[in-house]
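Given the sequences, and given the hints that come with them, work out the whole structure.
What follows is the residue order along each chain.
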Amino acid sequence: MGSTFSGIEIGKRSLNTHQQALSTVGHNLSNASVEGYSRQRVKMRAVDPLYRPQLNREEVPGQIGQGVEVASIERIRDELLENRILAQGDLAGYWETRDSYILQVEQIHQEPYDTSVRALMDQFWQGWQELSVHPDGQAERQAVLRRGEALIDGVNQRYNRLKQVRNMLDDDIVVSVGEVNGMLAEIKNLNEEIVKSEALGDNPNDMYDRRDLLVNKLSEYLPVTVDNRDPDEFLIHTRGLHLIQGKQVSYLDVDPNPSNEGYHDIIWDANGELLRPASGKLGSLVELRDTDVRGEIQSLDEMTMAFADLVNGIHRDGWSATGSTGVDFFREYPFVDNLSGNYDRSGDGELDSTYVYRLSGIHSLDPASPVGFAGTITLDGPNGEVNVPYTAMDTVENILDRINSSPAEVTAVLDRQGRLEIRAGISGSTDNPDFVIRHVEDSGQFLTGYAGLLEGSGPEAAYDWRQSDAVLALSPGGAAYSVSPLSHPSGWLRVNEELVADPSKVASGLSDTGRRPPSGDNRAASDIAMLRHRPVLAGRSETFDDWFALAAADIGLKGEIAAQSRESQDLVMKELEDLRQSISGVNLDEEFAEMIKFQHGYNAAARFVTTVDEMIDTIINRLGA
Amino acid sequence: MQRISTNMPMLDNRFRMSERDFRMDQVQRGIASSRSMNNLRDAPVDAAHVTRLDSAGKRVERYLANIDYVRGRWSQAEGYMNEAVSIVQRLRELSIQGATGTYAREDLNYMAVEADALVSELANVVNAKGGDGQYLFSGDDVSTPPFLVGTGRVPGLSNTSITTVSYAGAQSRSETEITDGHSVETNLRGNEVFWADHQQVFGARDTEGFVVDETNRFVLDGKQVVLEPGDNIHTVVRKINDAGAAVKASIDPVTGSLNLETTIPHQIWIEPVEGTALSDVGLLTDVDPTGVPRNWHPDAMVSGGSLFDQALALRDALLQGDQERIGGAVVGGLDKGLNSMLRNLADLGAKTERLEFASSRLAEEAGSLGDWKSKLADLDVTQAITEMSMLEYTRKASYQVAGRVLQTTLMDFLR
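Chains as they are written, first to last, in this note's numbering: chain U, 1 to 625; chain E, 1001 to 1415.
A portion of the hints provided could be inaccurate.
What the hints assert, rightly or not - Under the rule of at most 25 Å between Cα atoms (straight-line distance), these lysine to any residue pairs were calculated in the SDA-like manner:
#, chain 1, residue 1, chain 2, residue 2
1, U, Lys217, E, Asn1013
2, E, Lys1373, E, Asp1042
3, E, Lys1373, U, Glu542
4, U, Lys574, E, Ser1018
5, E, Lys1223, U, Glu542
6, E, Lys1058, U, Ala139
7, U, Lys217, U, Leu200
8, E, Lys1239, U, Ser511
9, U, Lys247, U, Asn228
10, E, Lys1058, U, Asp114
11, E, Lys1223, E, Gln1200
12, E, Lys1336, E, Lys1351
13, E, Lys1058, U, Ser511
14, E, Lys1239, U, Asp589
Hints were generated in silico from the structure; no laboratory data involved.
So this is what it looks like as structure tokens:
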């Protein structure tokens, strides 16, 4: 037999429960537009009935129900889906970042329309053509100079804009690492709160939501995986290393790297070890800064260096109308100022390296003639030594092709007089400087007696940059070299001031006799103009036209891929977000229906309490009256 | 059935709208700039083609300008050469007339006066300037007159007359590019165009036993010749013959001297660079061997001269009344000169024709390059406008639908 007042208790529980349910509906409605909010449901459950089936139970049929109570308030979400969203987050961050930066780089190219560096170079060649038609003209000389300046301005500007993008990327890395650290700190705080709350048996849904949202945001910066199998310790990993373990946080930090022009490496704050995120916004930023934009600058440097060197090579041989000769058209500032290219690389005050950009042999070679002896040329590439073997039947051209197609970071060409010329290229690794010949060695006689470049064969007589005065290994009596630029050629190239001061010194003619050629000799001008379409660059692009076409296609394709990937990644994210919304999002109609349901439940409970009240009233006030 | 949360249609709409806005912006920018690519990524491979086509187009334009310039110069030169031909023809008529033997000494003197006037005119013709003030026939030395004219008193003629005419121009090494990698020699040189006869040079010394004792370099008609220590005279002869110049060297069977002879009438041009071998064999002077073309050894015999030598010979023979010479050497010399000039005219005509061909081919190429470039880089306006209207249409439709769907909730029906 139940208690007289038990009905009121049951009614009260029902009222409380429905009120709780109604306020949850209200909570859902209010948070419908909150980012990362998962709708909550009140799980109701019948209160344990009185009298368990034991011996002292009341001898009545059935159990006496005790009404309803709130079992828990749960978030409606799909844990697996959330993990999928996390797994896609870093890709979305990667492509979004890449897309926007590559677009900036594309715009720097200004192709294929008239304002590009290519158009300026076309103008420059045009100028030499005009000078070749009027070799004694002063106006044409002015035009060549002005167009040379405009071209160099264009190259400098392109370099500066690329450099700016690189700086922006670096700033972005520093700021992003700060943001990641901020998020990590916040997650850590939430973890502490959540553990406390859970210890009290609570279900801190809103904190869970906030933590999930933060982890989602974090996943855009770094590839992360989440592990919450252990209820006490919420874990976040990146590449197998802990970012968060409950209350423990491994923060990130940035550290300027002097061998990478002072740009920042991402390191672990605790032990200073390098972190290379494979994707996510941070991964994308590092890749863009150290691969894509660096590559753009290097490629521009390489083209500019080759361009200036080729034009200078002819211009130095050329004679002007006033009889001056041996003048460079372009000047590179700053160059290594030691005449032998000796340079203090370690910065300890002693000359410890030789920075030389170009080596040329003494003898004129015929590209089609076989060399007649075998040997192995040893050069330096991105991954150490590169061996280029040759046999007696190889022609000079064969050997040069083999050197140029090997991974060695040099180019070998014959100059206009047929002399062998070895030019340094850009280096793949940031540990090696650009435009420095690092190692030249020949076990046979090709580079020594035949080309007249090195004095002797074998490793003892090799040219190696890791010592001062390495140029002493060159063949005495004429093997020439020129020292390396110390900074980016594309940023520091200028038209020679001597020419700007006196434009009549611009060369137009060549001399066969070593005496001043007649004023109508146009061979220097015409040779320079012909550089435009001659295969003068070695490697992937042979002519300047090739270089510009390839540069445009290269960055364009990168942009195309970035845009497409970003679009498809956006779609993937949208699909997943839709799925999440479908499961966890608030539907107002649904909430209103629930609201009405709970309202009616509440009304029903109230009516029940009234009824019980009337019943008690009957017993107390009417009975026996 | 998928559950739809209230925000879903809104988010979906927003996503689609921003996507469409982006595409509309692309199309709109394309229409505004009339370019088919706003950024390289829109068509990277096409963009690469366009950069090439653009540069190639500019090159072709330049080549056309080069051709126009050279053609202009040559057609002027051709005019003067034609005039020279008429003058020489008149001189030849005079020489035939003078050689008949039916004219008295005075008549021949009258003819000499005419011949003198013709020589003066010829001197004007060969020192002609082009439209840009450059001499047409002085090789690369375009700023100095090609022929140095010496005047003096000639017995029998009243005024000062031309006594010597010698070439003071230069070789012609300049070339003008007319298509990628192909060039034509730009400048004409008077010592070839107005040369009458093969030039022969007989060295002054017996060369038997001569051996080169140091490296010698000299430039023969613009071709480099290098003599190495140890070369004997036969090697020297072979090296000269193999140099690629229109000059044949031989050893005189009688005197043993080193002789040079042209294979096409022109003046031999030897510029020594280093070494004295050519002076040692008695070909060049020791004093100033670099002063071409007057650097022959004083004892070397040089024969074969320019048109002027023949014209002046005619005048002088007429003055002297030497009819035999007029009918012999003079007529023959003028004939050779005329032949040589006609050959040079034909040569120039052929070269001009080559330019014409190149020019019309380039003009065609410029057109097709432009077409191709335009196809890749310029906007197809019809297509763009169609796309734009499609986008506008779908935008309108989606706004309308969104307006209807998003406005009703259950709340509207609750009291």
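Hint check results:
Pair hint Lys217(U) plus Asn1013(E) holds up; C-alpha atoms about 23 Å apart against a cutoff of 25 Å. Taken as a hint, the Lys1373(E) and Asp1042(E) pair is honoured in the structure, with Cα atoms around 16 Å apart against an allowance of 25 Å. A distance of roughly 22 Å separates the Cα atoms of Lys1373(E) and Glu542(U); the hinted pair therefore holds under the 25 Å criterion. Between Lys574(U) and Ser1018(E), the direct Cα distance comes to roughly 13 Å. Compliance with the 25 Å bound is thereby established for this hinted pair.
Simply put, Lys1223(E) and Glu542(U) have alpha-carbon atoms about 30 Å apart, too far for the 25 Å limit, and the pair is violated. For the given pair, Lys1058(E) sits about 21 Å from Ala139(U) by alpha-carbon distance, which is consistent with the 25 Å threshold. With a C-alpha separation of about 29 Å, the suggested pair Lys217(U) and Leu200(U) falls outside the 25 Å cut-off, and the hint is violated. Restraint check for Lys1239(E) and Ser511(U): the C-alpha separation of about 21 Å stays at or below 25 Å, so the hint holds.
For a cut-off of 25 Å, the pair hint linking Lys247(U) to Asn228(U) stands: about 13 Å separates their Cα positions. Proposed proximity of Lys1058(E) and Asp114(U) is supported: the alpha carbons are some 11 Å apart, at most 25 Å. Between Lys1223(E) and Gln1200(E) the CA atoms are separated by roughly 18 Å; this keeps the pair inside 25 Å, and the hint holds. Pair hint Lys1336(E) plus Lys1351(E) holds up; C-alpha atoms about 22 Å apart against a cutoff of 25 Å.
Proximity of Lys1058(E) to Ser511(U) is assessed by CA-CA distance (about 30 Å); at most 25 Å being required, the pair is judged violated. Pair hint Lys1239(E) plus Asp589(U) does not hold up; C-alpha atoms about 104 Å apart against a cutoff of 25 Å.
Going down the numbered hints, you'll see the structure goes against 5, 7, 13, 14, while the others check out.
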